[in-house]
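Participant: For the record, the sequence lines run as chains A and B.
Counting with this note's numbering, you get residues 119 to 516 for the letters of the first sequence.
Counting with this note's numbering, you get residues 37 to 340 for the letters of the second sequence.
To be clear, the hints were calculated from the coordinates, so they are not data collected in a lab.
Hints are not guaranteed to be accurate.
[To be verified] Some chain B residues well away from chain A (every beta-carbon gap over 10 Å; in silico):
1. L53
2. V117
3. I154
4. G159
5. P283
6. R326
[Claimed, not checked] Reference excerpt, derived from the structure (chain B facing chain A, CB under 10 Å, subset only):
7. S163
8. S165
9. R213
10. T257
11. V297
[As the list claims (entries may be wrong)] Away from chain B, derived, C-beta distances all over 12 Å, residues of chain A:
12. N179
13. K250
14. Y279
15. W419
Ideal Cβ placement from N, Cα and C applies to all residues, glycine included.
Single-letter residue listing:
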Amino acid sequence: MKTFGHLICAGLAFALSNSSALAQDAKEPIKVGFATALSGWLAAYDEEPHKAAVMKIEEINKAGGVLGRQIEYKVLDTKTDLTLTGSVASELVDWGANMLVVPPDYDYGSPAALVAQNAGLIAISTGASDPKMGAQGVGPNVFTAHSASQISGITSAEYAYDKMGARTAYMLEDVSIEATKAACAGFIAAWEKKGGKLLGRDTFQKEDASIAAQVTRIKGLETPPDMMFLCATMPQGPAAVRQLRAANIDMPIFADTGMGGDFWLGGVPGLKDFYVPAIMSIKGDPRPEIQKFLAAYKARWGTLPVSEFSVLGYCTIEQWTAAVEKAQSTDTEAVVAVMNQFKDQPTTCGPTSYTPEMHIQVDRPLLVSKVVDGSFEAVEIFRNSFAPDFKLLFRVSQ
Amino acid sequence: MAYFIQVLIDAVALGSLYALVALAIGLVFGVMKLINFAQADYLTVGAYSLVIPTAAATPSMMFGGLPWALMIFCVVLSITVLALITERVAFRPLRNTDPTTLLISSFAVSYFLQSLIIMFHGGRPKSVSIGAALTRPIDILGLRVGGVQFLTMTVALLLLIALVLFLKRTSIGIQLRAAAEDFSMARLLGVAANRVIAIAFAISGILGGVISLLFVIQTGTLDIRMGIMPTVYAFFATVIGGIGSLPGAVLGGYIVGILSVFLQAYLPEEMRPFRDAGVFTIVILILLVRPQGLIVTSAAKERV
């Protein structure tokens with residue numbers, strides 16, 4: 119009986135070692151699973167990063183693959199449904215994915231990221247701006263390719279203070295969305311650190327039919343502030359800007375990254391002195407790598423992307439494959455170890471850094487853009503010097 | 037003092053908007069005992085009818101590109117037709133069922149219309165600018181009245197006057213009021229049920245179209261959920277005004293609008309995010325004191 123058991127063990131060991139050797143020899147493809155919102159409201163934000171990621175995979179395969187292996191991918195639609203997001207992620211794990219790309223939103227991406235985390239795989243969200251999409255939240259295998267929401271507030275504060283000489287500010291905050299609240303928290307922290315004066319702050323809410331009361335309060339200030347920070351996103355952001363400008367509130371306004379993109383400017387004709395720290399500019403980005411990305415995107419998909427977030431999908435694949443290349447393995451532990459060491463790792467999106475605790479970008483340069491004649495124009499690349507600590511990132515005790 | 041008067045103007049303007057929505061809801065409830073949540077989507081569809089249905093982020097104008105008189109006519113007409121179609125297809129066959137069934141049907145219509153918009157326009161919010169010239173503030177005795185606020189107040193006043201005249205002076209208006217008061221009695225006296233109900237829906241459609249235009253002039257933004265909050269507010273307005281009572285709906289609309297603006301203006305900064313909690317606490321208090329609403333119609337009274 120004992121010998122029989124030994125025999126089985128030996129046989130198993132042989133079979134195992136043999137099969138892994140075979141896999142290496144046959145150059146099995148690397149598998150990337152996409153749990154992507156291709157329908158539902160999130161599709162408007164997930165489709166373009168997804169297309170950019172697919173394009174990067176095709177480029178890599180054309181250039182010979184990673185570790186000499188081709189990348190194979192499979193896409194399943196999460197339909198912007200929380201339950202379905204988890205189950206399609208499980209399906210991708212069963213398919214044998216080496217890593218998962220998950221939706222660009224903490225709420226709608228985390229169910230898929232959690233499945234990857236529990237299966238011992240890496241998950242990268244193309245655009246979550248919440249640090250919970252990382253080590254302290256979903257788990258140590260989870261990353262986001264985007265910057266924390268606070269960074270657009272910090273960048274706005276530092277840029278307005280350093281480059282535009284603003285010393286007094288007003289802040290208008292949409293309190294119905296966590297990401298915009300985080301941007302405002304970042305703005306306040308950086309503005310105070312700079313020594314700027316906050317003349318007042320006010321709140322509004324998603325789906326407020328009117329912000330007349332807020333406008334009246336600003337009009338009532340003794341001295342108009344040098345600048346305003348507006349943390350809001352679609353669709354209430356443009357609605358607020360229209361009402362502010364209609365009331366002749368004319369100081370420079372800085373807004374959250376989510377308000378980049380020309381598509382809403384038709385709603386506020388003649389808008390000027392409006393700034394957004396953006397990820398990139400679709401037309402006229404000064405960085406050659408972004409221009410190259412946009413040209414390739416247009417060649418591959420027939421049209422330029424609408425959203426600046428599209429490039430984050432490209433960088434998701436770019437950074438993961440760079441780590442795989444460096445680790446010489448797709449093994450989660452090895453790749454996570456390499457990614458955790460990224461310090462200003464060059465990617466198309468800009469220098470990318472992670473630490474074992476910080477799985478989100480906190481000081482990646484943003485492109486400060488300004489509205490000129492009905493479209494955003496790049497002003498300059500600006501890197502924030504004040505990096506948020508964990509207290510600010512997770513907005514505890516504030 | 038100047039600040040107070042300014043806030044009061046803001047408040048009355050928002051109240052006017054809610055009053056119009058509340059009136060549309062109250063009118064349909066009166067004749068049909070239906071709380072029509074699809075009213076929110078009449079508003080949304082009206083706003084989206086300004087642009088060509090396409091998934092593109094910057095759509096070209098459809099009705100929005102027409103001269104203003106024609107634009108108003110087309111938007112209002114389409115929403116009126118939409119309201120009549122929903123009445124015919126989704127509500128008329130259910131008229132004799134439980135009010136709950138009607139309510140569920142109105143939710144179904146609402147989701148259907150939202151999905152339809154996503155299908156034709158995509159899920160991304162869009163921007164459109166109509167009547168930008170109207171948004172400029174007007175100075176009246178040193179007070180700043182936003183152009184849109186002025187417009188909203190004027191339009192609300194004119195529509196209210198027109199509606200009152202219609203309800204008091206025309207035969208169909210009187211039938212409508214009779215039906216709102218006591219539907220079965222009105223029918224026994226020869227009021228044609230289908231006709232009055234269709235008229236009520238047509239008016240709610242006209243109001244929906246006008247409100248959607250006022251909304252877009254103010255915000256310049258199209259979003260599939262844009263109609264929901266005003267409709268929820270308006271629903272509360274009809275309840276505190278006294279459900280089934282048209283003057284009550286208008287009064288309720290002004291009350292919730294004014295409360296919401298005053299709380300936003302006078303609450304300390306750290307309390308402002310909870311403004312709506314304040315509004316609805318006061319709504320609950322009003323209902324505790326007057327469960328039937330502020331203006332009680334004879335139809336709402338318990339009969340022994």
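Participant: Could you run down the list of hints and mark each one as holding or not?
Facilitator: Hints, one by one, checked against the model:
no., hint, verdict
1, L53, "violated (6 Å)"
2, V117, "holds (25 Å)"
3, I154, "violated (7 Å)"
4, G159, "violated (4 Å)"
5, P283, "holds (22 Å)"
6, R326, "holds (26 Å)"
7, S163, "holds (3 Å)"
8, S165, "holds (5 Å)"
9, R213, "violated (29 Å)"
10, T257, "holds (4 Å)"
11, V297, "holds (5 Å)"
12, N179, "holds (30 Å)"
13, K250, "holds (21 Å)"
14, Y279, "holds (22 Å)"
15, W419, "holds (14 Å)"
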